[in-house]
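> One line per chain: the protein sequences are V and P, in this order. Under the numbering used here, think of the first position of the first sequence as 1, with each following residue one higher. Under the numbering used here, think of the first position of the second sequence as 1001, with each following residue one higher.
What the hints contain is simulated information worked out from the structure, not anything from laboratory work. Note that the Cβ used here is the ideal one computed from N, Cα and C, for glycine as well. Treat the hints with care, as some may be off.
Said to hold, decoys possible - Simulated coverage check for chain V against chain P, where a stretch passes if three residues somewhere in it have a Cβ under 8 Å from a Cβ of chain P:
1) 20-26
2) 124-133
3) 163-174
As the list claims (entries may be wrong) - Below 25 Å or equal to it, Euclidean Cα-Cα: the simulated DSS-like pairs (lysine-lysine) are:
4) P:Lys1190 with V:Lys146
5) V:Lys313 with P:Lys1079
6) P:Lys1064 with P:Lys1272
7) P:Lys1235 with V:Lys242
8) V:Lys150 with P:Lys1090
9) V:Lys44 with V:Lys29
10) V:Lys82 with V:Lys150
11) V:Lys79 with V:Lys285
12) P:Lys1043 with P:Lys1268
13) V:Lys242 with P:Lys1265
14) P:Lys1038 with V:Lys123
15) V:Lys286 with V:Lys50
16) P:Lys1050 with P:Lys1269
17) P:Lys1043 with P:Lys1265
18) V:Lys123 with P:Lys1235
19) V:Lys313 with P:Lys1090
20) V:Lys123 with P:Lys1239
21) P:Lys1043 with P:Lys1272
22) P:Lys1265 with P:Lys1064
23) V:Lys313 with P:Lys1190
24) P:Lys1272 with V:Lys242
25) V:Lys79 with V:Lys242
26) P:Lys1235 with P:Lys1038
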Amino acid sequence: MENMVFLDFEKPLEGLFEQLAKLEEVSEKGDVDMSDTVKELKNKIKKTQKSIYSDLSPWQKVQLSRHPQRPYSLFYIEKMFKKATELHGDRLNGDDHAMVGFLANFDGRTVVVIGQQKGATTKERQYRNFGMANPEGYRKALRLMKLAEKFNFPIITLVDTPGAHCGLEAEEHGQAAAIAQNMFEMAQLRVPIISVVIGEGASGGAIGLALADRVFMMEYTWFTVISPESCSSILWRSWEYKETAAELLKLTSEDMLSFGLIDGVIKEPVGGAHFAQAAAATAVKKAIKEALNQLVDMDPDERIQQRIEKYSKMGRFIDEAVAE
Amino acid sequence: MGWFDRLKKGITTATSSKKEAPDGMWIKCKKCKGTFTKEELEKELYVCPKCDYHLPIGSEEYTKFLFTGDTQKLFENLKSYDFLEFTDLKSYQDRLEKATKATGLSDAITVVTGKIQRYPVTAAIMDFRFIGGSMGSVVGEKIARAIDYCIEQRTPLLIISKSGGARMMESAFSLMQMAKTSAKLSQLAKAGVPFFSLMTDPTTGGVSASYAMLGDINIAEPNALIGFAGPRVIKDVIKKDLPEGFQSSEYLLEHGFLDMVVHRKDLKKTLKDLLSYFESPDVTPTNKKLVEEIAVVKGKA
């Protein structure tokens, strides 16, 4: 892999990959047979990766969810579907580039897939507004979900956002109303809905696209009410406590599954989704396919009822009438 | 050296004992700084007689002036607890105990059922004094149960919002209350039971982005702050001053997100009028199947 980016805790890997590149170069020239050494080094890399990734702190997982080389929605869409055609616009005000929507062929079945999209380069990041959708994005998503319902196409949403956009126009155009409306409508959609958090699942911006029959999180992602940084700044009035906040918030896929707030965790390949992108897409596809198989043949009323029941049960409190 | 020596350093009165002004004490208007007695303000429904500023009030005050005759509180048996062991500068458990002690409330929302004039209505009213009116599991559960109650009893639902948003100390559980309340409201809508949402100062974050904005009729008190992000956050993002009146009730009305801005003194009459329209003989009949479904779900729980 060229131009690999290493996070601070991935640094032990950097030297190993450099060595590997040099060895492979020598090997290619064909003077000496280095295959055993290459093999050994590859094993060492794998071992190091395993040891780093088996003991990650919540904050490190947050960092991985934002890894600059982590695949975004468009990558998964390209890899998972035989054919996909992008659709644009909310039919009201505009087309939000932070939210993409497609009609796609998923192993012979038409689906509507919607995702939040970040950018890889400075220019792209600006174009995609860092994956922070405006009300137009949420309304585009809802328009496409209604299209799906009309023709009985299952819906797949890919969540990857540092939050819904905060700005003047976002407020003027009703960011709060748009997110609320999406959840309200998604609760009653007569087609299956599957959501996968593929990166960041921040707050209202994420849940506005993730009220679903099945919600999955990829292993190194996070999903909660606030980012660790904002949480730190509000509760401690300083950005210094982001690591503590990440721990307190219990925002990892493992935590969320243990709380019963999501339906499954999609294991990432060794080294993370950014390291083995194609394998990550395969894993996501497999999870979606299995969920879809469980959902498509259900009676729509039954499916809606189960969906609402699932969310109705979310919450922890003391019921003194029961406790007595 | 002064004439008098302070025995203790700093002011030691607990915030809790400062907040509630005892009868006969003076209350200051935040806006015009005018001072009035509590009785005087109570008569005025806590609207400043001088500058018309709507002083923030809580579930008790709203219940008192909106309802006619007896009311009954529902679901008071639900209590929050610190299940994540969330401790920043204070522990969540401490915050809860302090809030309960200071306010005498069970959480940031109180559900009341009764009548406005002759019209039955069930109201879920938020209290900002309870941890900033933040929405945690109890707020979500009380709203969910209020919705079931409204479907069963076929009483319209009124939610009076006053909240900074989701309760961070319940992390993803508080986030999921957005989904939960919105999903439950979709059932209320399906059952054909009307929902009136009243937004008061402030209604922001996860509360505005879920039930507050989902009313069949959206109402706000004058000059309330209503929005998704707080003004300070937006100012930080855009690095410019915000326009005059940005995120106020009147601004939201102008941008199409409210049906009306109603003065507190006209609130009861407005609600009564609205309730009367939904008693029309043509209104959707109760969805019997849904009532049965809910009964089944509740039986299971």
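> So which of those numbered hints doesn't the model satisfy?
1, 2, 8, 13, 14, 19, 24, 25, 26
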